[in-house]
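So the sequence lines, in the order shown, correspond to chains A and B. With the working numbering applied, the first sequence covers 1 to 407. With the working numbering applied, the second sequence covers 1 to 267.
It is possible that some hints are incorrect.
Once the Cα atoms are required to be at most 25 Å apart in a straight line, the calculated DSS-like pairs of lysine-lysine come out as [claimed, not checked]:
1. A/Lys8 to B/Lys157
2. A/Lys18 to B/Lys157
3. A/Lys8 to B/Lys104
4. A/Lys8 to A/Lys394
5. B/Lys80 to B/Lys95
6. B/Lys137 to B/Lys104
7. A/Lys8 to B/Lys137
8. B/Lys137 to B/Lys157
9. A/Lys394 to A/Lys18
10. B/Lys157 to A/Lys394
11. A/Lys8 to A/Lys18
Sample of chain A residues facing chain B (criterion: CB under 8 Å; computed from the structure) [as the list claims (entries may be wrong)]:
12. Ala5
13. Gly322
14. Arg324
Take a look, some chain A residues computed to stay more than 10 Å from chain B by CB distance [stated by the list, open to error]:
15. Leu7
16. Arg265
17. Ser326
Please keep in mind that the hints were generated in silico from the structure rather than gathered at the bench. Cβ coordinates follow ideal geometry from the N, Cα and C atoms, glycine included.
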Amino acid sequence: MNSFAILKVALRALGRNKLRSALTMLGIIIGVGAVIAMVSIGQGAQAMIEQQINSMGSNVLYVMPGNITTGGASLGQGAANTLTDEDVEAMRREIPTIAAASPVVRSQTQMVFGNQNWFVRIEGTNEFFPELRNWTVDQGTFFTEGDVLSAARVVVLGRTVAERLFPGLDPIGQTIRVRNLAFRVVGVLAEKGQSMVGQDQDDTAVMPYTTVQKKLLGQVIPSVNQAMVSAVSQEATVVVQRQINELLRQRHKIGPGETDDFSVRNMSDVAAASQQMTTIMTLLLGSIAAISLIVGGIGIMNIMLVSVTERTREIGIRMAVGARPSYIRLQFLAESLVLSLTGGLIGVVIGGSLAAAISGVLGFPTLVSALSITVSFAFATCIGIFFGYYPAHKAAALDPIEALRYE
Amino acid sequence: MIETVPQQHGEQPVKPADGDTIIRVERVYKTYRMGDIEVHALRGASLMVNRGEFVAIMGPSGSGKSTMMNIIGCLDRPTKGQYFLEGEDVSVFGKAELADIRNKRVGFVFQSFNLVPRTSALENVELPLLYAGVSSKERVRRAREALATVGLSDREKNMPNQLSGGQQQRVAIARSLVNNPSIILADEPTGALDTRTSVEVMEIFQRLNRERNLTIIIVTHEHDISQYAGRVVQFRDGRIRRDEPVEDRKDAAEVLANMPSSEDDDE
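Produce the complete structure using the sequences and hints provided.
Here's what the structure looks like:
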């Protein structure tokens with residue numbers, strides 16, 4: 001008796017009780033569907049966070065000035081003016097594993113073009129900004145080292161700002177007014193979308209940091225809000241972090257045992273932390289869904305046990321005409337496998353559509369991976385075998401004489 | 001196929017058969033345990049049947065005749081004693097081997113027909129061939145042939161519940177002979193049938209016995225029915241009490257011919 005014949009007998013037997021078979025399958029369909037949908041949410045979140053961390057620039061470290069305390073009140077990290085553009089320059093000069101570095105000076109102000117105006121967050125950096133932030137210029141060019149040195153009144157606009165100030169116009173070469181100063185638009189950044197916290201990253205403008213310091217903030221003693229540093233490689237970030245520590249302690253004359261007046265944040269730490277969080281979320285969602293899959297398996301076992309009892313006489317007949325116990329076992333196993341595999345297949349489709357619906361309707365990112373499909377399908381198969389084995393074994397162990405007498 | 005009898009006879013020597021011995025049961029015991037009580041269904045019964053014989057087994061209920069049938073049909077194994085089927089000691093066979101013997105060498109007919117419900121007559125007849133690993137095309141061909149033998153060619157698509165009792169039993173007979181067994185065992189095959197249908201069933205058995213030299217063993221309560229066989233074996237208390245040929249054997253075809261034709265031909 002070949003496997004095809006066994007399958008045919010199993011399909012017939014299931015076909016005789018269509019509603020019951022469908023309901024039993026439903027348990028597996030819901031289980032597999034739930035696992036795939038849930039895991040896709042977790043993996044979607046993970047992929048989004050990964051992408052956003054990458055978009056912040058790979059191998060990037062941030063150096064922040066330290067805390068100051070005035071009158072007993074701590075003003076928090078970054079409050080001190082202890083970080084200077086000389087510090088940034090020194091880092092770039094003295095640490096060979098640094099690929100690029102830039103001071104960051106922040107401001108915000110109204111920008112005006114014609115009768116359009118927009119309130120913009122401004123980031124002052126140097127010419128390494130595109131490299132550091134992994135952010136290309138879409139139109140025009142980025143400003144140059146010369147612009148930085150001369151504190152030129154040039155600006156590179158984010159996509160949103162460009163659209164607000166120049167609806168339907170080419171912004172390149174146009175002059176906008178910022179605090180009654182004329183600025184020339186030299187470039188527009190590529191679109192980047194929302195940040196991890198939902199902020200529009202394109203609602204920004206970039207200028208030479210010297211321009212921000214002198215023209216916008218009017219600083220007498222120039223200071224920077226933070227420094228952006230990129231290491232030559234992912235592996236080098238740890239070394240770079242240590243070397244920045246040593247260099248700045250030396251430059252800021254911090255003796256042994258004294259606390260730093262700055263801090264260095266490594267993006268890969270942030271990445272690892274959020275990765276861990278989303279992994280836990282994926283596991284949590286997946287395991288809750290897996291429980292429903294197991295419940296579905298118990299449903300299969302339940303129905304198969306009923307089926308074996310109901311069909312005791314049929315089993316007796318089959319044995320009397322020469323079915324070996326192993327054939328009977330295979331036949332019932334085939335039935336539970338057909339239930340779990342078909343259920344698994346439908347579940348994959350439903351789980352996939354559910355994931356698509358979640359991202360389509362709720363706007364939540366989902367990712368249906370081949371791995372989650374394979375794993376949940378394999379899991380469904382194992383459940384079919386595991387929960388189908390006992391009823392099948394029970395059927396095979398029946399005594400033909402007693403089975404024939406069963407009413 | 002004459003085989004030698006082992007020279008280790010006990011208290012009840014088995015007569016060597018004249019002819020081709022197909023079944024040789026030697027001092028077989030069968031004890032069931034029902035709770036604390038031991039039930040001795042067979043207490044040293046011996047039986048020899050030659051190829052082509054038509055044997056009727058009779059006896060009151062509890063006499064061990066059904067147990068004997070189950071052992072002969074390889075549905076059950078003796079607690080003690082030996083059973084040679086076509087010279088082979090099958091009393092030592094395992095479950096899978098017994099299943100194979102039931103599949104290829106024995107055909108069963110039951111009092112309650114025992115057809116698989118909601119499965120067509122043709123597929124019911126195909127069943128033994130399915131387990132014999134016969135191809136689908138060949139299965140259909142042979143099943144049709146077997147149905148034709150019992151005169152049910154026009155009923156192959158019917159489900160068991162669309163067939164009369166007599167027709168169901170004929171499907172069961174077709175199923176029992178589809179794999180060309182050596183023996184057909186029928187446990188009260190007419191027990192659930194009316195007189196005319198019973199004779200019709202016996203006619204089929206007599207025909208198969210005569211034309212194909214099939215060995216047929218039936219268990220029956222009815223003296224009438226036993227008279228269609230060539231030999232009657234009487235069981236009592238787990239042993240064979242009487243074993244004698246039928247003196248004035250009835251011919252079912254003849255009986256049918258002399259019967260007033262039935263009102264509605266068992267439809």
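The hints, checked one at a time:
At roughly 18 Å between alpha-carbon atoms, A/Lys8 and B/Lys157 fall within 25 Å of each other, so this suggested pair holds. Note on A/Lys18 and B/Lys157: the hinted pairing holds, with a Cα-Cα distance of about 21 Å set against a maximum of 25 Å. About 22 Å separates the Cα atoms of A/Lys8 and B/Lys104, which keeps this hinted pair within 25 Å; it holds. For the suggested pair A/Lys8 and A/Lys394, the alpha carbons sit about 21 Å apart, so the restraint of at most 25 Å is met.
The suggested pairing of B/Lys80 with B/Lys95 holds, with an alpha-carbon distance near 17 Å, which does not exceed 25 Å. Restraint check for B/Lys137 and B/Lys104: satisfied, since their Cα atoms lie roughly 19 Å apart, inside the 25 Å limit. Proposed proximity of A/Lys8 and B/Lys137 is supported: the alpha carbons are some 15 Å apart, at most 25 Å. The straight-line distance between the Cα atoms of B/Lys137 and B/Lys157 is roughly 16 Å, inside the 25 Å bound, and the hint therefore holds.
Pair hint A/Lys394 plus A/Lys18 holds up; C-alpha atoms about 23 Å apart against a cutoff of 25 Å. Note on B/Lys157 and A/Lys394: the hinted pairing is violated, with a Cα-Cα distance of about 32 Å set against a maximum of 25 Å. Taking the CA atoms of A/Lys8 and A/Lys18, the gap is about 15 Å. The hint holds against a cut of 25 Å. For the restraint placing A/Ala5 at the interface with chain B, the shortest Cβ-Cβ distance is roughly 6 Å, inside the 8 Å limit, so the hint holds.
At its closest, the beta carbon of A/Gly322 sits 2 Å from a beta carbon of chain B; the interface hint therefore holds under the 8 Å criterion. Restraint check, A/Arg324 versus chain B: the minimum CB separation of about 4 Å is within 8 Å; hint holds. Consistency note on A/Leu7: stated as away from chain B, and its beta-carbon is indeed over 10 Å from all of that chain's, at 12 Å minimum. Residue-level check passed: A/Arg265 sits 71 Å from the nearest beta carbon of chain B, beyond 10 Å.
At the 10 Å boundary, the C-beta of A/Ser326 falls inside the reach of chain B, the nearest C-beta of that chain being 7 Å off.
Hint compliance for this structure: hints 10, 17 are broken, all remaining hints hold.
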